[in-house]
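**Q** Below are the chains, spelled out letter by letter.
Protein chains: 2
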Amino acid sequence: MIRKRLQDLRKKMADNHVDVYYIGTNDYHMSEYISEHFKTLRYFSNFSGSLGSLIVDSENAYLFIDGRYHTQADQETEDTGITVMKLGKKGVLTASEFLIQNYKDKVVAFDGRVVSAAFVKNLIKHGLNVRSIDLYSDIYEDRPALSNDMLYELDKKYTGLTRRQKLDIVKRGLDNKTHIISNLESIAYLLNLRGNDITYTPVFLSHMIFYQNDVYLFISLDRIPEVILSELYDDGVIIRPYESFYNFISSINSSVVLIDENKISYEAYHNINKSNRIYHMRSVVEDMKTIKNKTEIENSKMAHIYDGVAMLRFIKWLKNTDMEGLNEYDVKVKANRFRLEYKAFDLSFNTIVGYNENAAMMHYSPTKEKNSPLHNSGILLIDSGGQYFEGTTDITRTLALGEVSDEIKMYYSLVLQSMFNLARVKFIEGLSGDKLDILARKDLWELGIDYRCGTGHGVGQVLSVHEMPPNIRYQKGSNNGADTPLRPGNIFSDEPGVYFEGRFGIRLENLLLCKYDELNEYGQFLSFEPVTMVPFDLDLIDKRYLDNKTVEILNSYHATVYEKVSPYLNDEEREYLKYITRAI
Amino acid sequence: MIRKRLQDLRKKMADNHVDVYYIGTNDYHMSEYISEHFKTLRYFSNFSGSLGSLIVDSENAYLFIDGRYHTQADQETEDTGITVMKLGKKGVLTASEFLIQNYKDKVVAFDGRVVSAAFVKNLIKHGLNVRSIDLYSDIYEDRPALSNDMLYELDKKYTGLTRRQKLDIVKRGLDNKTHIISNLESIAYLLNLRGNDITYTPVFLSHMIFYQNDVYLFISLDRIPEVILSELYDDGVIIRPYESFYNFISSINSSVVLIDENKISYEAYHNINKSNRIYHMRSVVEDMKTIKNKTEIENSKMAHIYDGVAMLRFIKWLKNTDMEGLNEYDVKVKANRFRLEYKAFDLSFNTIVGYNENAAMMHYSPTKEKNSPLHNSGILLIDSGGQYFEGTTDITRTLALGEVSDEIKMYYSLVLQSMFNLARVKFIEGLSGDKLDILARKDLWELGIDYRCGTGHGVGQVLSVHEMPPNIRYQKGSNNGADTPLRPGNIFSDEPGVYFEGRFGIRLENLLLCKYDELNEYGQFLSFEPVTMVPFDLDLIDKRYLDNKTVEILNSYHATVYEKVSPYLNDEEREYLKYITRAI
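Protein chains in written order, with the working numbering: chain A, 36 to 619; chain B, 36 to 619.
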């Protein structure tokens, strides 16, 4: 089937004098997660992972995937004739590097609407002969349609600022410059609207342009309820058809145009008349939305209490249920149910449940078909979160299903201490995540252990569970926000871990709120406050491996969890929470 | 007198159609410390501090100085008519900003040989009309001459690499590009030569140019001993007169020219024919010299043992002498003598001795005329170092002169722990100083205290005591090396402190060597080893304020100090060292 599809594509390529065709995993908005409509890569390669890219030439096809998917990609592309390029292995080039190295005098094409401006500019800089053309839509059979669901409003009691207030702030900041925004989270944030277009992330497909003191929103009119439409009108938002976005861009002239090349499609970028002055920068809206206002903070705290109730019920169930006969997927379903049957209107991402060695795979998630059976022993890692109108949650706990070894207790205690080492810091304003990261790692590094990922990421407000800045990681990366100073109002995750391949994995994650602390002759100090309200598993703690400060902060955290969550529980649940949050 | 001098200068300005004249504190090499010949600022302003700049226009003169010199500058410029511009105070512009803001349509002049290319390029970028002209040499009476002392050689047993080996490495790296070096430390390092031109830093005034596979050294021939001259000839180094440097530069053509705009004069930069392709970058020689080789490391350790002997004798003297009747300057002289009468051929900087509140001023150094009397109580901070053929040292200890308060013990213990928190870290290769800095600060930040300087700086090898990279500081700064990854072979200082104005100051400083640690599946780990071999004052430690790991590492450090230093002591000294390095 894949061979037939690639054959059809090659025919299209030949008809259009294209030598090489590139297919990635983006939508028109460079979103982290994409809707079914955009899963073109899966259609042509059978690869179902969340990130990858396919390069097809007249003879061969190459699938580029990272370490998470090395095994999965081999299995899914079996008998397709596709060569799997395993990024991270020695000598394996990235898709960009591969294009630059191998197709210097060829016509390299792609659909310019689903690749970023930054990606293509890099190819052009290296002398490639590029062309934007959609060669796949015609031959893509039974393609899922774009979502046409109605938008809905997030009330001011959740957002703190009205739509008009937010638009005014941006307009004042732009001072008549033109600003093109394709990023869905930014648009949903600015308009206090939400939608169902992308699983787990309540956004809707649309573009926005601030131009000559007007605000244009590109979206199908019939997706907007009457009452919101008239509000938008009152707030000065001019609606244009979703598809007219690219044409509109062509008409912009004599302006300073601000774009983020990583978050705008090449097609959009290419359509900007070059007589304008174009500047690449992170959108001011992104910084605005990562600094939660007082109302958002209060709501987020409420969301985390609701989440704490659901998680407490889950932990109580897990710890008091015979695991024999159950598997990881059963537990995942159960955990999701506790959230959705209480206050969450959705999950915030695909729940991760990993038993023992499965937890050592950072992105493992069980399915109905593929999972491991559980027993009344060992440890279970659960990383999950919910979408509430009050906020978005993301929390990881590792839990004992029975007796565990001393080694596991040692590592659990160490990860707990590492998490608190970051959580309890007080620091001078101006520090960025790359300078704080070492706090969560130093005790692991002392043993010669590291985790191959960041320590933490920003979390959206009724938006994507990944939002950057802030970003807590020492690893350098372009545009990843790790060098952006932490700001009061940032909410972000603190999630160190240990991962021993084939043996076990332990991760613990709280979300932290960045707050003002002391202001004195040395400057403004900041510190963090945990917003996650879920107990840690005392069955996995060995006090010998904790320093005094960690014991102190753990007991104080547990006391707070009890205080905040217990009012929402019945007597039996409260009794149980009291027990598992006892001081040690 | 100053008024007369400024009057002469204004006459010169008028004769040459110059509206504004700028005088800074650089030599022809953009050195951190300068020789007497270059103290033009002092001649025209009476200001004797190490850093400052003077702007003279037809009416007024402005002296720009930083926080260290606010009081001193007022005193020294009394009755001169000069306005003191106190940097750091609200609304006070830097000299550059002041020039840009106030002299848009004027002719702004300076001696282009003693200002950096970066400084002038910034003025030009902001539209200033600049001109390079020496207006002061003619009217500068009794100006100290340039040094004409002979150079001397540093033997291969100290340098590890021969001159020819070093030159070959640079040539290979340059691959026929042209490289202009005015930095004195880089030249002394490359040639394995030293001189006496700058107090405390054993370098000699000269420039070097790598051009068309040849190496040119610009220096007066008669400063080079016969035997070295013939070696230089054998090693392919072509000698040219010191003054011919600027003319030589004009003759460079059709080349790629590498310069560091911060370490080359504007005159030199300006003379480069712009048909060459000019690139600004940190010199490869600077990175080479900060990565000490095996021989240099062994020698440096030896130098630090010698330094430990001198410091032990000093501490023994201090702790067993009646302080009544003595002052800070007496102690400074005594400390210097212990070094110079043992193995040091020079000091590495002007010794800092501060008693109680004087130690809270970071750059305080007593003189014969200005010092404070000592008593048998309170604390004394001494920050000092020596130049040995084996290496350069820099060490700070704070010592009790008698009974001290509980508060002082608390802060001393905290600073000690902070120093060890950085010293004991094990970390992934690739981390830069700005990401490690938090380790030395977090325990102080927890109390809402900070020190307004970096935690540490690189230290040269028989060169300047300040050498960057590495640089351990969270504060951003252009070109300060804080974002350069730590490398095995780096030797740098670890010197946190607390400074309470008008009360007391505590600083503790060890030099650390960066070394390879474990290599495993997570990557290459690095760690530090202390090279400084001087005990900490147990009279100032209160164990209640130390965590267990700090006590452990302190005892182990003291055991090492005893083991390394005791073989060089007499019985009485050894006995004393044994006592003050006892385990606690």
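Watch out, some of these pointers could steer you wrong.
Copies of the same chain look alike in the list, so a pair counts if it works inside one copy or between any two.
Stated by the list, open to error - Computed cross-link-like contacts, SDA-like style, restricted to lysine to any residue with a CA-CA straight-line distance of at most 20 Å:
#1 K477 / T118
#2 K477 / A458
#3 K511 / G102
#4 K578 / T115
#5 K160 / T115
#6 K121 / M358
None of these hints come from the bench; they were simulated from the model.
**Q** Confirm or reject each hint.
**A** Going through the hints against the structure:
no.	hint	result
1	K477 / T118	neither (40 Å within a copy, 50 Å between copies)
2	K477 / A458	both (14 Å within a copy, 12 Å between copies)
3	K511 / G102	within (18 Å within a copy, 34 Å between copies)
4	K578 / T115	neither (54 Å within a copy, 68 Å between copies)
5	K160 / T115	neither (33 Å within a copy, 59 Å between copies)
6	K121 / M358	neither (37 Å within a copy, 72 Å between copies)
Checked against the numbered hints listed earlier, the structure breaks hints 1, 4, 5, 6; every other hint is satisfied.
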